[in-house]
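The hints should help you fit chain B onto chain A, whose structure is shown.
There are 2 protein chains.
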Amino acid sequence: MFHCFYNNQIKNTSETLIPVNDLGLFRGYGLFDFFRTYNGIPFQWDWYWARFCNSAEKLGLVIPFAESQVKEAVAEMIDLCPEKECSFRFVLTGGVTLDGMTSTNPSFFILSEKISEVADLIYAKGIKVETREYIRDMPEIKSTDYKFLLQIMPDLKKNKSTDVLFVKEGWISELSRSNIFVVSEDKIITPKKNILKGITRKTVIEQLTSDFEVQERDLTIEEVLNAKEVFTTSSTKKVLSISQIDDHIIGDGQAGPVSQLLLDRFNSLVQNWKG
Amino acid sequence: MFHCFYNNQIKNTSETLIPVNDLGLFRGYGLFDFFRTYNGIPFQWDWYWARFCNSAEKLGLVIPFAESQVKEAVAEMIDLCPEKECSFRFVLTGGVTLDGMTSTNPSFFILSEKISEVADLIYAKGIKVETREYIRDMPEIKSTDYKFLLQIMPDLKKNKSTDVLFVKEGWISELSRSNIFVVSEDKIITPKKNILKGITRKTVIEQLTSDFEVQERDLTIEEVLNAKEVFTTSSTKKVLSISQIDDHIIGDGQAGPVSQLLLDRFNSLVQNWKG
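First to last, the protein sequences are chains A and B.
To convert, count from 1 in the first sequence and add 1; that's our numbering.
To convert, count from 1 in the second sequence and add 1; that's our numbering.
Just chain A, same shape as in the assembly (with noise of 0.2 Å):
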């Protein structure tokens, strides 16, 4: 069983009941954010933390407590959280309104949630994404907008795809919920607008690539293509190789060295990680 962080009180998930006219709901008024554990000490707090202030600060949102007491909160329901690690989710939104468009005090939520591993054979293989013409809306924003992601699942499930990668007019962005890097001519280049800077995405810049020369700018799609090779990055799929785009295979079709080498890297950091 899981738990949910509501009101000053934990429960179970599945009896955390809301107010039906919250913003979050009838506005999508809302942001959120997403880690996880490592050794049960969640993973990159200040960075994560840092995005949540900023998201919230964007929208106009006030976190309703203070770091300490959040940490606090997440710190009880991990010693409650029935596996060793666990994945948590923060959900701030405008509140309950009683107008269907102002509210005083905004809703915050945290829950904590079972992580799902991606599978060593998927590391091994890669993933197939297909591309949109899209951007998302407030991209730098966290917020919880992800209408055109969900509209689009079926269409992604019956291409065998498990992903989209967002393109305007030539230039790629980022994939629904995780960054896009390529590497090319020993370079690693990752789009640097219109994107939600990830913090993988930054662990693996400021951490992980010192042996590497990495470039934070545009990039088209014809250059993605024709990378040698291509990966994700995100909370939940750490460093996670792309060798199919639409019906475009990458490199040789499997994980690529580099996204090995980055993935190999991370688990050792992670491995070790005490906070």
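Take the hints with a grain of salt, since some may be wrong.
Any copy, or any two copies together, can satisfy a pair, since identical chains are not distinguished.
Said to hold, decoys possible - Once the Cα atoms are required to be at most 25 Å apart in a straight line, the calculated DSS-like pairs of lysine-lysine come out as:
1) 194 <-> 169
2) 159 <-> 59
3) 59 <-> 158
4) 193 <-> 159
5) 193 <-> 169
6) 126 <-> 188
7) 161 <-> 59
8) 229 <-> 193
9) 194 <-> 59
10) 198 <-> 275
11) 203 <-> 115
12) 169 <-> 59
The hints are simulated quantities; they were obtained by calculation from the structure and are not laboratory data.
Frame of chain A; chain B shown alone:
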């Protein structure tokens, strides 16, 4: 006290609680519609219902009740309503999710709400709106996505603006929750693309302007600023003059004669509304 229909039950809205892990809250995967009664009868039911079905289909959500069942619930809620007239909000979401991404059963809520009427003084004076470089994501769907509006609400309030007019690369589309019309050289012109097609917009075009030339076409912001009159239409605003856009005064800064004529015609139509 107003009410909410959920899980085949009608309760006071303040007593209606829902599971926290709804995709409407977690992933902004939701849509709605909003209409009101005149003479205790839903206004333009067929058109609103058709639009609600269209939004649901486009977002890939199945409405879990037949039209007749929904009509019955609405009739019951009208009987329970403490006031002569009320408005209704239908909300349809992806439903409860266990993995944060998928669900099998959409959630459907019907809420009766208090109507907030526009004061006569405001109809006479018109409203001030301000422009923003923005276009709604999936504008033809009445999704719950109003995060952009809610984020800029404090600015609108500070600037004494009633609403925001979306402009993208010089082309206007709509206000945050209503359509826009301009009166220019005895023609009435309204955008056709990148908008939610309002039911009041449709009422004006199809039932109130047979003696006018009405054009549905692209409009630049310059054309709007230079118009003799500008007005907006919505379920709650009916036909409401826009007398100021940013620092620019439209016409003589009061409600123009065409807006007033169409508001009179609209009021006559709804006064005798029998469904």
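| query | For the identical chains here, do residue 194 and residue 169 meet the 25 Å Cα criterion within one copy, between copies, both, or neither? | reply | Result: close both inside a copy and across copies, 12 Å intra and 19 Å inter.
| query | At most 25 Å between C-alpha atoms: does residue 126 with residue 188 qualify within a copy, between copies, both, or neither? | reply | within (22 Å within a copy, 62 Å between copies)
| For the identical chains here, do residue 198 and residue 275 meet the 25 Å Cα criterion within one copy, between copies, both, or neither? | within (23 Å within a copy, 55 Å between copies)
| said: For residue 193 and residue 159, with the copy left unspecified, which applies at a CA distance of at most 25 Å: within, between, both, or neither? | reply: neither (31 Å within a copy, 33 Å between copies)
| message | At most 25 Å between CA atoms: does that hold for residue 169 and residue 59 within a copy, between copies, both, or neither? | response | For residue 169 and residue 59, the Cα distance is within 25 Å both inside one copy (23 Å) and across copies (21 Å).
| Same-copy or cross-copy closeness of residue 159 to residue 59 [CA-CA at most 25 Å] | This pair counts as between: shortest inter-copy Cα distance 17 Å, intra-copy 36 Å.
| For the identical chains here, do residue 194 and residue 59 meet the 25 Å Cα criterion within one copy, between copies, both, or neither? | Answer is within; shortest intra-copy Cα gap is 16 Å, inter-copy 29 Å.
| query | From the Cα coordinates, with 25 Å as the cut-off, is the pair residue 193 and residue 169 best called within, between, both, or neither? | reply | Both, since 14 Å and 23 Å are each at most 25 Å.
| said: If the cut is 25 Å between Cα atoms, do residue 229 and residue 193 qualify within a copy, between copies, both or neither? | reply: within (20 Å within a copy, 45 Å between copies)
| said: One pair to classify: residue 59 and residue 158, alpha carbons no more than 25 Å apart. Within, between, both, or neither? | reply: Intra 34 Å, inter 17 Å, cutoff 25 Å: inter-copy only.
| message | At most 25 Å between CA atoms: does that hold for residue 161 and residue 59 within a copy, between copies, both, or neither? | response | between (36 Å within a copy, 21 Å between copies)
| task | First find the shortest C-alpha distance between residue 203 and residue 115 inside one copy, then the shortest across copies, and answer within, between, both or neither for a cut-off of 25 Å. | result | within (24 Å within a copy, 48 Å between copies)
Hint violations for this structure: number 4 only, all remaining hints satisfied.
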